[in-house]
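The chain contents come next:
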Amino acid sequence: MATSQLQSTFQGTRDLPRWVSPLMLVGFFLTSFFLQSALASGADSVEINLVPVAVFGLLGYAVTLYVLSRIVEGVRKATDRLVTTLVSTAFALALIPLISLAYTVVTNGVARFDMEFFTFSMRNVVGEGGGALHAIVGTLEITGIATLISVPVGILAAIYLIEYGRGTIARLVTFFVDVMTGVPSIVAGLFAYALFVIFFGPGVRMGLGGAIALSVLMIPVVIRATEEMLKIVPNELREAAYALGVPKWLTVLKVVLPTALAGIATGVMIAIARVIGETAPLLLIAGFTASMNYNPFDERMMTLPVFVYTSYANQGVDMQAYVDRAWAGALTLMIIVMVLNLVARLISKYFSPKG
Amino acid sequence: MSKRIELKSLDVYYSSFLAVQDVNMVIEPKAITAFIGPSGCGKSTLIRTLNRMHEVIPGARVEGQLLMDGEDVYGPDVDPVRVRRQVGMVFQRPNPFPTMSIKDNVLSGYKLNNSKMSKTEAEELTEKALVGANLWNEVKDRLDKPGSGLSGGQQQRLCIARAIAVEPDVILMDEPTSALDPISTAAIEDLAVELKEKFTVVIVTHNMQQASRISDMTAFFNIAGTGMPGKLIEYDKTEKIFSNPGQQQTEDYVSGRFG
Ligand SMILES: Nc1ncnc2c1ncn2[C@@H]1O[C@H](COP(=O)(O)OP(=O)(O)OP(=O)(O)O)[C@@H](O)[C@H]1O
Ligand SMILES: [Mg+2]
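Going line by line, the protein sequences match chains L and B.
By our numbering, the letter at position 68 of the first sequence is numbered 68, and the numbering carries on one by one without gaps.
By our numbering, the letter at position 30 of the second sequence is numbered 30, and the numbering carries on one by one without gaps.
Just so you know, not all the hints are guaranteed correct.
Okay, derived cross-link-like pairs now, DSS-like style, lysine-lysine, Cα gap no bigger than 25 Å in a straight line [claimed, not checked]:
(1) Lys198/B / Lys237/B
(2) Lys231/L / Lys349/L
(3) Lys145/B / Lys349/L
(4) Lys254/L / Lys349/L
(5) Lys8/B / Lys30/B
(6) Lys254/L / Lys116/B
(7) Lys231/B / Lys198/B
(8) Lys119/B / Lys140/B
(9) Lys128/B / Lys116/B
(10) Lys140/B / Lys231/B
(11) Lys248/L / Lys116/B
(12) Lys254/L / Lys145/B
(13) Lys8/B / Lys140/B
(14) Lys254/L / Lys119/B
(15) Lys140/B / Lys30/B
I should point out that these hints are in silico values taken from the structure, not numbers from a laboratory.
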């Protein structure tokens, strides 16, 4: 009795052919689509709502597949199929906003994604034409300076916390990093503004100020990411270096950091991507302008997010021209972030420990 | 070079926990000394005090005296980094540097310390250390490949090559073969026997046959119970420990009656 039961749970099941599941999926969606359109024509509306089509198609598919699989393949495989369907659905749901966003930005952005956009500023442009060169340069300069400030500070702070920090000071630093992580970006902008007012008087506008504000936002992210990476460097490697008579600072510099470098690079790129789209603090301290300004140490400086915001918020007479420019600016920003991500991937591929 | 190590009423602590109590022994140069004893009796702890690796752990400290050729290793103006250059260490789990090639791993003692050396010097040294670790023939065609691509036994020999490349006086091995297969184990045992021609070798092992095969002197440690400090029970010539030990505990342990 017991053995026969064992056998029946282990064997005696046949697999459904591979094509059954995809075919059923397509079949149920088509059926659901035609059913809905038949209903819709009955109610004489021309539009077919795709949401119920998807819901009913999926439901029909999941239930039928489960039942069929349970009959043919047994309980274990049927459950597997059901859970696979659930997980895939969740994944597709999560993808919908992302795809929709990318699609919207690209379709709206290509209208003005032309040479002029990348070679002209907005100086003396009121209607059509003009470009975002000034904003692109501003974004690259301000984010670049912010990175130059945040990366050394962030990495050194993380090294201190993981490799050296003990006791009260370390706990204090960790606490402030936590607090900094939660600072709203507008507060960072106000901080930079207040700081610069001390030196340059009220009403100051400067690209550098924007970089400072972004650094305030970036530093905690870099610290956190670096800390995580340093933590996963095995202690055995540090001990191996110590045992060879390598002083601690050289161990950190030549063993720990190289081992963690790929992860740190990715972390830095994520931090950059996080701040490159910041608008509020830049609006406060870097201001906005229609003209080129290559000098981050003087005068207002345009940035891409602020460009998008002002184009959209202050539409001129030819409204469409302004909206198109805003979308093109958004698209440019997205592409910059994507390129940064690619660079991060290349860096981590190139530097990660081999073997 | 090879040094005599003298332990004088050495107590080893983790913060307030006394892990090893009152060890007195002399470790002879140009010989293999084996540390045996049940798990948790403080063998690793003690061997790590010999190159001042113990104090890397926060709160860990040592009391008593440790003399190396008469010089106090824990003296107030002794730099632990200098001690570790003279006392190499091989760990239980092979730990080659994953970012370095095989060759750079062998030279890591120099490279990590920013020592300059010419290309020919570096090549000679690499070959000498790898030959010394019985690894040369297996890796000579792939010196620029990452060290983590080797088998476990090869990695362990790479770690030994790395340790002997800096020409220490003493080599410490903490269960160097416990993660390896019998063939790699035999290779490392042979290697240990060769190494004692030049170095003072101290080896921790759980493998009684290994201790009796390769060591000249054996130290048996034991612990009265959990939370109690480990103590050196008996220290003598290896044949004596294994054939005619002076203590009942030792006899029980080596004959496999407990532990
Ligand atoms: N980092 C540490 N902090 C606190 N106590 C420790 C630490 N490492 C080891 N101990 C304690 O010290 C005692 C001796 O440990 P040790 O690792 O030296 O034993 P061992 O003889 O090497 O054992 P094994 O044969 O299992 O490796 C044990 O009671 C252990 O719990
Ligand atoms: Mg141990």
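These are the hints, each one checked on the structure:
1. About 20 Å separates the Cα atoms of Lys198/B and Lys237/B, which keeps this hinted pair within 25 Å; it holds.
2. Our distance criterion of 25 Å between C-alpha atoms is met by Lys231/L and Lys349/L, whose separation comes to about 20 Å.
3. Restraint check for Lys145/B and Lys349/L: the C-alpha separation of about 16 Å stays at or below 25 Å, so the hint holds.
4. The suggested pairing of Lys254/L with Lys349/L holds, with an alpha-carbon distance near 19 Å, which does not exceed 25 Å.
5. With a CA separation close to 21 Å, the supplied pair Lys8/B and Lys30/B stays within the 25 Å bound.
6. Restraint check for Lys254/L and Lys116/B: satisfied, since their Cα atoms lie roughly 15 Å apart, inside the 25 Å limit.
7. Distance check on the hinted pair: Lys231/B and Lys198/B sit about 29 Å apart at the alpha-carbon level, beyond 25 Å; violated.
8. Proposed proximity of Lys119/B and Lys140/B is supported: the alpha carbons are some 16 Å apart, at most 25 Å.
9. Distance hint between Lys128/B and Lys116/B is fulfilled; the C-alpha atoms sit about 18 Å from each other, no more than 25 Å.
10. For the hint linking Lys140/B to Lys231/B, the alpha-carbon distance of about 45 Å lies beyond 25 Å, and the restraint is violated.
11. A threshold of 25 Å between alpha carbons decides the hint, and for Lys248/L with Lys116/B the separation of about 19 Å falls inside it, so the pair holds.
12. With a CA separation close to 19 Å, the supplied pair Lys254/L and Lys145/B stays within the 25 Å bound.
13. Restraint check: the Cα-Cα separation between Lys8/B and Lys140/B comes to about 44 Å, which exceeds 25 Å; the hinted pair is violated.
14. Between Lys254/L and Lys119/B the alpha-carbon distance is near 20 Å, which keeps this suggested pair within the 25 Å criterion.
15. Restraint check: the Cα-Cα separation between Lys140/B and Lys30/B comes to about 29 Å, which exceeds 25 Å; the hinted pair is violated.
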